[in-house]
Amino acid sequence: MTSNLIVYLIAIPLFSSAVLLLTGRKANKWGHLLGTLASASSFGVGAYLFTQMLAQPAEERAMTQKLFSWINVGSFNVDASLLLDQLSICFVLLITGVGTLIHIYSISYMSHDLDRRRFFAYLNLFIAAMLLLVLGNSYLNLYVGWEGVGLASYLLIGFWNQKPTYATAAKKAFVMNRVGDLGLSLAIMIAFASMGTVSFDGIKEAAPQTSTATLTAIGIMLLIAAAGKSAQFPLQAWLGDAMAGPTPVSALIHAATMVTAGVYLITRSNFIFDAAPTAQLLVVIVGAITLLFGAVVGTAKDDIKKALAASTMSQIGYMILGAGLGPVGYAFAIMHLLTHGFFKAGMFLGAGSVMHGMNDEVNMRKYGALRKFMPITFITFGLGYLAIIGVPPFAGFYSKDMIIETALNAGGIKGILLGSAALFGAALTAFYMTRVIILTFTGTKRWDDEAHPHESPILMWLPMAVLAIGSVASGYLFTRGDALVHWLEPIVAPGEHGEHAELLPPIVVSALALTMVLIGISIAVMMYVRRPVADVAPEDVSALTRIVRQDLLQDAANEAIFMRPGQSLTKTLVSIDEKVIDGAVRGVGAMALGSGSELRKTQTGYVRSYSALILVGAAAIVLGIWVITQ
Amino acid sequence: MNSANYLYLSALLFTIGAVGVVIRRNAIVVFMCVELMLNAANLTFVTFSRINGNLDGQIVAFFTMVVAACEVVVGLAIIVTIYRSRRSASVDDANLLKR
Amino acid sequence: MTISWISLTAILPLIGAILLSTLPKSAELRAKQFAFGITLLTAASAIAMAVQFQRDNTDLQFVEVHSWIPSFGINYAVGIDGIALVLILMSVILAPIVILAGWNEAQGGRWSVKTFYILILVLETMMIGVFSATDVFLFYVIFEAMLVPVYFLIGGYGTGARSAAAVKFLLYSLFGGLLMLASIIALYVMSGAQGGHTFDLAKLANLEMSSTTQNFLFLGFFIAFAIKAPLWPFHTWLPDAAASATPGTSVLLLGVLDKVGTFGMIRYCLTLFPEASKTFTPVIIVLAVISIIYGAILAIGQKDLKRLIAFTSISHFGFITMGIFAMTSQSQSGATLYMFNHGFSTAALFIVGGWMIARRGSSTIADFGGLQRVTPVMAWCFFLAGMSSLALPGLSSFVSEFLVLVGTYTRYPVAAIIATVGIILAALYILIPVQRALHGPTTPGNENLTDLNLREKLAIAPVLAAIIALGFYPSPLLNVINPAAVHVNSQLGFTDPVPTVEGK
Amino acid sequence: MINYALALGQTAKPEAVLFYILAPLAVAAAIGMLVVKKAVHSAILLAWVMVTLAIFYIAQDAAFLGIVQIVVYTGAVMMLFLFILMLVGVDSSESLTETIKGLRWIAITASVGFGGLLISLLGRATLGRTSVGLVDANANGNVEGLAQLIFSNYVWPFEVISALLITAAVGAMVLAHHERTVKRVTQREQSQARFRSGSLAAAAGLPGPGVFALHNAVDVPALLPDGTPAAASISATLKARGDMLDSAQYQLDNNDNVEEDK
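Residue numbers (the numbering used here), protein chains in the order written: chain A, 1 to 630; chain B, 1 to 99; chain C, 1 to 504; chain D, 1 to 262.
Possibly wrong hints are sitting among the right ones.
Stated by the list, open to error - Heads up, simulated PhoX-like pairs for lysine-lysine below, C-alpha to C-alpha not over 25 angstroms straight-line:
1. K579/A / K303/C
2. K601/A / K101/D
3. K203/C / K163/A
4. K571/A / K303/C
5. K204/A / K66/A
Keep in mind that the hints were calculated from the coordinates and are not lab data.
Sequences are here, hints too, so could you generate the full structure?
Listed below in structure tokens is the structure:
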């Protein structure tokens, strides 16, 4: 009967969100509390369900709750049905857990905002949608959540939409996500057309009998979807701009949860990708490119949130890479996802805390020496930092190390390429994160006198502390006895650990990775500790740096390839519609008018010319009769 | 004698009447030409009445006469009205309907 | 005693219109209240009818046949199936909403307020009649007669170049109607040669005719419906008409009247000319796909809010037409559901857009700005309506759009793939005006706009509620539509393509 | 003459003689209508055509119509024509030069084509039967036969046409009726206006032609009280004809101009 509880996971925050939105200003006083309570209750339900699952044997842990028959047309039958299994419970706990922490954080962070109630309504809406995403038992149910989080993301990025750039950022995120949705839509269509079902179970059953070409097509479409949602190459451009949203949003949606939905999608679709090697190859390529892309972009960012966003992109690249590496990779990808959820959310909240103390300044070049003023923030942020660069025994070390190892062991030239990309990415990660730490917390102060940096209130640092604990401990907990791998086994069914001969033994890989991290740190130290940091970004930099600062020209490329041609196409079509199509319509009218005014000239007003015409007509008729009766 | 001769005559008179309507300018003459055409038509009816051996044609001719009378009465009244305002009975002078 | 539900429902607004005409011109408020009451009564009657509808029965229900012009074999014959029922429901629900939402829009017209409501009520009678007619002649008469009240509604109460738009609308529609008339006469003549002159739809459907004849007659009907729907390239009257009409008229025009086109495609094109329908399907699918993309791109390029909404509708009608002619049970059901949903989402867009325009005194998108700060409720309503228009999952239009796409994909994958690109364009054409009008700083001229009052909230609430509720639980409608849609396809000899892999 | 025509109609041969004499004359008269300048002449020629046709009617056993033709047409209708001609100017003659370019040629070509084709068609046509003749139909007399038909089969058209006739009569009346646009000037006002006009020249009104003069011929102008001749007193017809004499010679030389001093 516990399965009947699943729906409350979603219903509680959804209801709370509706209440907050519909009640209006009257709810301003207690809105944030209701929102937080809703999220926390959802977490409570999730935790209870988790304990229930733990009590079951591995094969019986998955629970399904059918709510009602949603769409039932011909052979297209989709139930509104929820599936809670080992994979989704991970996400449920992450979403509601981190979500609740961020709700608590936001109570304080948004306390001066007039629209705090609305903010909490959106957050709750997001929680509900994200839970639906991970709990849906079919691709179509997932799709609803998928777009729901897109909507919530749009609303939250544009939360301060009175600033035009923020509104544009929101729109950009939504539209680029829609490109991803296109992939998801098509994947569902192909799946239905070829297998006659859209539920995970049905497709899992049908997949072995389906042709590889079809599965590859579905896989590629799913990859597009994942790329859109998870800001993977080539649909990555929206994530940096998405930092326009309030910082808790960046922490929850654009770091810990929503952007990782792509990883969930690929992991969930493991039965498709496992049978479609080409699609899988594309997945790892996209992952590898993005992990480097994000890391490179991160090295040149002065905006602390954008630096973290680039880092998110890069870390998700790791996850996608892991998920693309086949059966064993899924678990590592999820593991990295969870650890990343802790440390990245923690760091984002730390960044928010810094901004909170610095009059919402985001430029790291205007920070410096904040360690003394914000000790708790520094410690929590620092722990997150150690976790992300992969220093043992922090969480990131375990998860990232696994992915690097799996990549290296992928076999052949592919393994070497992917492995080196991952290793190089680790070095870059160490570099840019060290840079963030140095610029923000150490060195000399570079801020104006107007700023009065101070430690944040407890409601803000408490969640940061909890997340910091997570970043410290989670990696160890997950890997202890391969806990997570075994937990996920029924879902992703990893075969033997490593189908290929191990390229390098694990210990060597770890050492290599650590070396890379050290190299990264030392370069950063050399560049930013030994030399003074300018409070304005230097202009006399190499062309490469400039390109990196412009996000490797991603916006320029999008503009040149899609936006400008699109705009001119729109303009052309508008004028074609007016001139050619409507012109033809109006032309018919003008022709009638024109021929009328020409014919009018025959109307001389002389009765006699009219009668002459009648006579001619009569003669013509007689002629006609004459000819016919000939 | 072949009754068709009357038909030929009728056709000729009708045509002449039609030409008259077109080329004469005096409204009264135009009207007279119309009368000529009506009469030509009447002749046809009468002739066919004889050919077919029943009186229906004559009835129609009779009706035609009545209609012609109506037409003359109204038409001439119009001519008088126009003449009163324009001091002319020429149909070319009443050309307000032109573009 | 059996009640003739269709006739009862249809006659109510007409009686209301007649009674309304006896009111003095000055009694504007009473005219509004009376018209509103009558539409509510009509809606109640239609709902009572819907309750008795047997959803698994694919025959026409509530059939009434009375001889009308016996010497030509013309009957007053009505009857509905699931598709017609859904559309009638949509019409009668939208009518009171339109009246309530546009409480003051008849002011400033060429004629009195009373006349406006008389026209609306007469139009409602015809809307019910056109969806329920089963006699082709009766259908044609109503099809053409509907133009008259709309013509006066646009030309008499619209804004801007209303006369020109009304004339364009009228002439364009008449042209299509003329082609259809020619086809109808041809059918009638042929029926005479094959066992007695008749206009009865069921009997005409069984006529034997050569494929050439069928093709020509099909085109006669189809072009009339394609103009009405409107399908690219017969669409140019719509933006003009919608931009000139009052919001309420636009709702009825796009929401209900244009559905006659797509409804006609199902009821007449497919039923009367199954072979020709199959022959022309590739062409029509292509036109539909062009409509989807073209309408969306044009919508992106519009500067006027009403024209933008009109172009989004062209895109949506492309989806509906594609769904109809893909002839799978998903696409067919989806298309009918789409008609219903489009009625509501366009109604919401036009109603809220109309309020915005009425308050601001301009329909140019660039004149708005930052409305979310000034009028949060109105902004939210517009946003939600926009989300429905772009078929956000969880809202009703998603279900229909996805059904159309998935159904089309099983038979015409390429068309479906291209059409799916429309969802990206949909995001653009909704979010661009949302950003310009609602977001950003509040621009001069918008600071003092008032938010929705109680009447307006009451008018828009049921629409938005329906959009959300049907998104999560579309079964009440789908269960009615699906048997009828399957029946239509099976009459054509179409069954759904079988998946290559059987997996459950 | 009618009796003669009736007698001729009885036999075929005399009818032919009648036809071949009268038909060319009718055609000639019709053509004459087109070419004569004066409307009166046209009217006379038309009357001739109509009489001819009346004779033909009678010749074709349509005695009633023939009589009606003469009474109604040549009598009433033609009188109406002449009356109107008098009203608008019996002397008005029209120039036969064509003013609308090309019209005459179009008319002649079209009419030659029309007439030629019509006659050609008639020549080609087979009537389907030989002439039956009206002997049977007229067995009870032509007038009785017509009456029979009019009051049985054609009673409805007959009623309608009578309504039409009444309507036409009323219509003509309405058309000819001159709506007064200014107040009617009474005789008294006219008189006052004349005396107050400053000059007494018009005070006495226009005298009849020849009054207060040595002459009383219509072409001699009347003399006004001051002795000057009133040119307006002579009919415009005479003026148009050029028959008017120079009015100056009738001026009274020895007027005493007494009135002007007053």
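Each hint tested on the structure:
1. Proximity of K579/A to K303/C is assessed by CA-CA distance (about 17 angstroms); at most 25 angstroms being required, the pair is judged to hold.
2. For the suggested pair K601/A and K101/D, the alpha carbons sit about 15 angstroms apart, so the restraint of at most 25 angstroms is met.
3. The suggested pairing of K203/C with K163/A is violated, with an alpha-carbon distance near 64 angstroms, which exceeds 25 angstroms.
4. Between K571/A and K303/C, the direct Cα distance comes to roughly 11 angstroms. Compliance with the 25 angstroms bound is thereby established for this hinted pair.
5. The hinted pair formed by K204/A and K66/A meets the criterion: a straight-line CA distance of about 19 angstroms does not exceed 25 angstroms.
Checked against the numbered hints listed earlier, the structure breaks hint 3 alone; every other hint is satisfied.
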